[in-house]
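Asks: Here is how the chains run, residue by residue.
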Amino acid sequence: MRLVKEFGTTWYNHGVASTESVYYTVHMLFGEYVRKKREALKATDRRFSVRQVAQRIGVEPAYLSKIERGDVAPPSEAKIRALANELGEDPDVLLALAGKVSSDLLEIIRKRPQLFAELIRELKTLPDHAILRVVREVRDGDW
Amino acid sequence: MIELINNALVFRFPEVHSEATCTIDFQRTLRIPDDNREYPLPPGLGRFPVEHVDDFADRLPESWRQHGGVMIPMYQSEAMWINFSGDYPCAVKIAAGKINAVSGNAWTNELGNNPQDYVVIPDQPWLDGFNVSEGHIRQFVAMPLGEGYTAEEQITGEAQHGGLQIIVYPMKPEAYEQYRSRKQMVVEDLCCYSLSMDMDMGLAPGGLMKQKIYEDEYGIDSWDQEHGSRCFVHIANSAVYEAIVGRRPPHEPPTAEKYTAAGLPWFDYYAETKALEGSSILGGLTSLAAKVIEKTGKPLHDNAPVDPKLVKQIHSKNTVREGEF
Numbered sequence: 087m088r089l090v091k092e093f094g095t096t097w098y099n100h101g102v103a104s105t106e107s108v109y110y111t112v113h114m115l116f117g118e119y120v121r122k123k124r125e126a127l128k129a130t131d132r133r134f135s136v137r138q139v140a141q142r143i144g145v146e147p148a149y150l151s152k153i154e155r156g157d158v159a160p161p162s163e164a165k166i167r168a169l170a171n172e173l174g175e176d177p178d179v180l181l182a183l184a185g186k187v188s189s190d191l192l193e194i195i196r197k198r199p200q201l202f203a204e205l206i207r208e209l210k211t212l213p214d215h216a217i218l219r220v221v222r223e224v225r226d227g228d229w
Numbered sequence: 125m126i127e128l129i130n131n132a133l134v135f136r137f138p139e140v141h142s143e144a145t146c147t148i149d150f151q152r153t154l155r156i157p158d159d160n161r162e163y164p165l166p167p168g169l170g171r172f173p174v175e176h177v178d179d180f181a182d183r184l185p186e187s188w189r190q191h192g193g194v195m196i197p198m199y200q201s202e203a204m205w206i207n208f209s210g211d212y213p214c215a216v217k218i219a220a221g222k223i224n225a226v227s228g229n230a231w232t233n234e235l236g237n238n239p240q241d242y243v244v245i246p247d248q249p250w251l252d253g254f255n256v257s258e259g260h261i262r263q264f265v266a267m268p269l270g271e272g273y274t275a276e277e278q279i280t281g282e283a284q285h286g287g288l289q290i291i292v293y294p295m296k297p298e299a300y301e302q303y304r305s306r307k308q309m310v311v312e313d314l315c316c317y318s319l320s321m322d323m324d325m326g327l328a329p330g331g332l333m334k335q336k337i338y339e340d341e342y343g344i345d346s347w348d349q350e351h352g353s354r355c356f357v358h359i360a361n362s363a364v365y366e367a368i369v370g371r372r373p374p375h376e377p378p379t380a381e382k383y384t385a386a387g388l389p390w391f392d393y394y395a396e397t398k399a400l401e402g403s404s405i406l407g408g409l410t411s412l413a414a415k416v417i418e419k420t421g422k423p424l425h426d427n428a429p430v431d432p433k434l435v436k437q438i439h440s441k442n443t444v445r446e447g448e449f
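Residue numbers (my numbering), protein chains in the order written: chain A, 87 to 229; chain B, 125 to 449.
The set of hints was computed from the structure by calculation and includes no laboratory data.
Some clues are possibly wrong.
[To be verified] Derived CB-CB ranges, DEER-like:
hint, chain 1, residue 1, chain 2, residue 2, range
1, A, R207, B, S142, 26 to 34 Å
2, A, A159, B, S142, 39 to 47 Å
3, A, S162, B, D178, 57 to 65 Å
4, A, A126, B, K436, 43 to 51 Å
5, B, R306, A, K210, 42 to 50 Å
6, A, D228, B, E376, 50 to 58 Å
7, A, W229, B, P246, 26 to 34 Å
Every residue gets a Cβ at the ideal spot worked out from N, C-alpha and C, and that includes glycine.
Let's have the full structure, built from the sequences with the hints guiding it.
Replies: Shown next, in the form of structure tokens:
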């Protein structure tokens with residue numbers, strides 16, 4: 087195994103103080119992000135109005151508006167995935183902004199909790215400006 | 125470091141240069157007739173599947189675990205070619221059963237230039253077999269180890285290693301800068317199968333093919349021999365591969381006769397680079413068809429001569445030689 091740096095993505099540390107403010111920050115961040123992306127798309131394509139996007143992902147337009155304003159908590163994982171698909175975004179990024187972890191990742195951690203908890207904590211100490219990708223090397227032996 | 129990505133070995137040398145990467149995959153192909161006629165390049169019919177040996181360690185012979193590396197499945201008498209890709213120049217040594225496929229000498233990790241015992245990529249887009257004479261190779265054809273057909277057994281008298289061995293050295297960064305500026309100028313101008321040896325395959329010399337092994341234009345000092353990566357590629361008999369990994373190997377490729385009769389293309393590659401001389405050791409090998417007659421008194425199956433009518437010319441800007449069947 088080897089860790090390889092892949093540059094290009096930055097993870098921000100929001101440094102929030104309380105549980106309440108954490109939720110508030112998450113709602114706002116997620117809502118704002120979705121609104122900005124949707125409106126950027128709407129500028130060139132009217133199909134990205136709140137009403138039409140809401141329809142396509144299967145929620146009420148009023149609910150999507152509230153999500154974008156940060157008035158309500160982000161929707162379910164399935165709806166976030168649908169939204170990511172609709173807006174051409176990475177579902178893992180949207181899920182992270184919503185304070186959620188993808189269910190497949192949870193399943194991976196549940197299977198080997200100690201190993202992955204340890205691994206993630208190890209990665210935590212590595213530089214912020216890089217995403218670290220775990221690479222499996224082809225093992226060379228004795229020949 | 126070597127990664128296995130999409131059935132290809134990806135060699136990276138970030139400690140040498142951020143662009144120092146080369147990819148090697150193993151292409152399924154048809155076996156050209158082994159009748160001493162000279163054939164053009166057969167097509168690539170897709171990559172062989174490649175697996176980490178470590179993933180199936182409990183079902184493999186101890187020697188395979190010891191070697192590490194990867195494995196691919198091949199049917200008896202199936203042919204393959206090795207496909208190189210990447211823009212960063214690298215020197216690649218290839219051996220079959222630890223017999224160097226370019227020089228015919230026994231394996232060493234170091235590069236040799238007297239005679240040259242490696243190929244240079246990207247100048248060399250592929251290698252289809254053993255370098256038997258200038259401008260000609262004898263196709264790599266899988267045969268069970270221990271029956272006397274493989275190049276390894278013919279040269280050493282022993283069936284010890286089988287498989288393929290590869291080591292890659294990237295160009296030194298300073299040589300690369302010179303190479304890049306020179307290139308820029310040119311562009312501007314233009315189940316536990318009993319852990320026995322039965323599953324172990326080696327490569328025998330098959331039919332004769334027109335293919336040059338190109339001379340190293342950059343000189344042996346251009347290669348960074350401090351930073352090589354090597355890999356042992358085991359060849360598992362397809363019949364037991366499914367039992368080991370739980371997945372079927374690809375179906376057998378068509379015969380050269382059926383492929384040609386279907387009007388599908390063969391290929392001819394042209395480049396101006398000087399070719400190496402053939403290896404007298406490899407040139408002295410008995411080809412598979414002759415060996416089969418010698419050992420069994422019968423001709424090799426599916427070995428009828430063919431007359432490829434459709435031969436596509438390819439060159440260094442377009443090295444796609446894919447076929448569909």
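Asks: A separate judgement is required for each hint: does it hold in the structure or not?
Replies: Each hint, compared with the structure:
1. A:R207 <-> B:S142: 26 to 34 Å: Given range 26 to 34 Å: holds, Cβ gap about 29 Å.
2. A:A159 <-> B:S142: 39 to 47 Å: About 43 Å separates the Cβ atoms of A:A159 and B:S142, which means 39 to 47 Å holds.
3. A:S162 <-> B:D178: 57 to 65 Å: 39 Å, violated
4. A:A126 <-> B:K436: 43 to 51 Å: 47 Å, holds
5. B:R306 <-> A:K210: 42 to 50 Å: 46 Å, holds
6. A:D228 <-> B:E376: 50 to 58 Å: 34 Å, violated
7. A:W229 <-> B:P246: 26 to 34 Å: 27 Å, holds
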